[in-house]
Amino acid sequence: MSFIPENAVALHIGLWFSWYDDVVKALFLGGVAADTAEGIKAQLPSSLAVEILNDPIDLALLPTAAAEADILVSNHWRADYPPAPKVRLVQSVATGVDLFDMAALPKGVIVCNAFGHETAIAEYVLMTMLALHHRLFEISGEFRERASWRTSWVEGGEPHGELRGSTLGIVGYGRVGREVARRAAPFGCRILAANRSARETGSGVERVYPLDELDQMLPECDTVALCTALGPETTGLINARRLALMKPTAFLINIARGQVVEEDALYAALRDRALAGAALDVWWDYPNAADPNRRGSRHPFHKLPNVIVTPHNSGWTAGMVGRRWNEIAENLGRFVRGEKLINIVTAG
Amino acid sequence: MKALFLGALATSQAAPITRFITEDIRTEILDGGDPSRLAAALVDADVVLTGAWRAGYPPAPRLRLLQVPLAGTDGIEVAALPEGVSLCNAYGHEPALGEFAIMMMLAWRHRLFDIATSFRAGSWFWSPTVGGPVRGEVGGQTVGIVGLGHIGREVAWRAAALGCRVLAANRTAREKPPSVERIFPMSELDRMLGECDIVVLSCALTPETTGLFGERRLAAMKPSALLINLARGPIADEDALYRALRDGVIGGAALDAWWRYPSASEPEPRPSRHPFHEFPNVIMTPHCSPRTDGTIERRSRDIALNVDRFVRGEPLENVVALT
Chain A
20 MSFIPENAVA
30 LHIGLWFSWY
40 DDVVKALFLG
50 GVAADTAEGI
60 KAQLPSSLAV
70 EILNDPIDLA
80 LLPTAAAEAD
90 ILVSNHWRAD
100 YPPAPKVRLV
110 QSVATGVDLF
120 DMAALPKGVI
130 VCNAFGHETA
140 IAEYVLMTML
150 ALHHRLFEIS
160 GEFRERASWR
170 TSWVEGGEPH
180 GELRGSTLGI
190 VGYGRVGREV
200 ARRAAPFGCR
210 ILAANRSARE
220 TGSGVERVYP
230 LDELDQMLPE
240 CDTVALCTAL
250 GPETTGLINA
260 RRLALMKPTA
270 FLINIARGQV
280 VEEDALYAAL
290 RDRALAGAAL
300 DVWWDYPNAA
310 DPNRRGSRHP
320 FHKLPNVIVT
330 PHNSGWTAGM
340 VGRRWNEIAE
350 NLGRFVRGEK
360 LINIVTAG
Chain B
60 MKALFLGALA
70 TSQAAPITRF
80 ITEDIRTEIL
90 DGGDPSRLAA
100 ALVDADVVLT
110 GAWRAGYPPA
120 PRLRLLQVPL
130 AGTDGIEVAA
140 LPEGVSLCNA
150 YGHEPALGEF
160 AIMMMLAWRH
170 RLFDIATSFR
180 AGSWFWSPTV
190 GGPVRGEVGG
200 QTVGIVGLGH
210 IGREVAWRAA
220 ALGCRVLAAN
230 RTAREKPPSV
240 ERIFPMSELD
250 RMLGECDIVV
260 LSCALTPETT
270 GLFGERRLAA
280 MKPSALLINL
290 ARGPIADEDA
300 LYRALRDGVI
310 GGAALDAWWR
320 YPSASEPEPR
330 PSRHPFHEFP
340 NVIMTPHCSP
350 RTDGTIERRS
360 RDIALNVDRF
370 VRGEPLENVV
380 ALT
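The listed protein sequences correspond, in order, to chains A and B. For the first sequence, position 200 (counting from the first letter as 1) is numbered 219 according to this note's numbering, and the numbering increases by one without interruption. For the second sequence, position 150 (counting from the first letter as 1) is numbered 209 according to this note's numbering, and the numbering increases by one without interruption.
The hints are simulated quantities; they were obtained by calculation from the structure and are not laboratory data. These figures come from a predicted structure and were not determined experimentally. Do not take every clue at face value.
As the list claims (entries may be wrong) - Sample of chain A residues at the chain B side, in silico, Cβ under 10 angstroms:
hint : residue
1    : Arg202
2    : Tyr286
3    : Ala298
4    : Lys322
All residues carry an ideal CB built from backbone N, CA and C; glycine is no exception.
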């Protein structure tokens, strides 16, 4: 033990502390995981050996990194990666674990995720709710570009909406959903929620519908915020039929996953103003090495003036990074010390 | 009896106000313009609903209630009113302005315009998947509210619910609401400003507040701070604010109140003699913050109630002055 430096971090590819059998080895894979490793190295136990592969392509050159890892810290794992037979803990650097191909990882592996993003995302939802109802982009855009006073109070212009008295429906009443409710309540919103499993009301929520009664909730809402995980029950949940149940004056906010919404149906509804507008942070398509500027959808959502588009960064704040790093460092320490883990998704 | 809706601001609200009036009073609408029609309209008006009254207006011998359809009475020359007139203002816009201020704080800290504009153009620069930069949050920020009146309070408790530390400065001593950590007297405004990440102007325009935010006071703010003006343009010195934003003395501004407004001769003026619209660190809107469906409904009800009280000879609400 004595020759293992405190806060051991192997920054160079292939530099495992493999001479010591009791060393627990953690593979940090991908850019977000690499940043996490840099951010938390001072907090990690000295008996944890760290391998950082910033680019997953390096795995092909370094199959030992996968072969020897006890812990995988990443946001994904693919079937075509080299075998990783020793992995006992998958520590996701994100909340969603849908990008891990579990069939390609050992049976019985424990999967933990990470949070810390609730404040950032709840603020994002509130911000886009406000911007959509108050028509911020339209009003500020035409005022900046051509000094249009069309919407001005002094001109008795066309009024915009407000949150007070409006009904917010939160689909997926988990950690993020609760934080959204807690922030929307002081604005005088009526708040409804729908959740797969039964949940207590609270944080200003009037009623929690079971997910199979979502159709009853949707027609009541002036804003629908999708805050659910992606799973079999939620894939394609917001389809053409459900979009048609929403008020034509309502707004849809998606911070969950693109696939919760049917792409073609949403585009048609927004284009035809069957829905007043949307704020979309999550997408159906993502950039890759071959196409780094790939659009998020096969439809030109970015050309619709009633849609606020952001590149899947609703949770990406300095505050979130600090909170999430703390959670991940805490969990890795617990694993090394054999203590009870936090944020368990699959108990193994 | 007759109630006259005079000018664009009042006539735009004539329909909802008239709908809520229950007492028997005739209404007439005159949307500016022709001076000869103005004289005829004023001569038998018992009530005038208007945002402006200037010296030189034709006589209004029967006028007893001048109802301003907004909170600010700075468009009324009180000395030019006939004797025996109650000048009343109206509210109902506080929730809309509270929402607007929070929206601006969020849009600023979350860099909403930068991110949405960049992604709309096709760039994933701001995405964590390509190692994009992180942005800020509103939770944990210190918000300073200048003028803790109807609007200031609405801003204060919403900001507190988001996890902000809330300070306030007010001319007169106020009872401290639980959402506010400390109220500074206006004479100690500079001490408050140095602590604030976000400063919200929600005070009335008076001789004391005109030019309140000049060069020295803007310099007392943090270089990263956001100034939100929902009140009146001239509370901030136009030249000083322009220079402060240009030179990075403060971080940015969200401006809904201006120094220049449309007139008959210039219906679409730029809102300042300086090109604020060229600054990326300015969020600008055309004094639209109060103009929500909700404000119109709440305010129209309140104004109609006051007209009803006047017809019935009952005491009026929101009396600002009696000439």
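Structure-inconsistent hints, enumerated in ascending order = As far as the earlier hints go, only 2 is violated by this structure.
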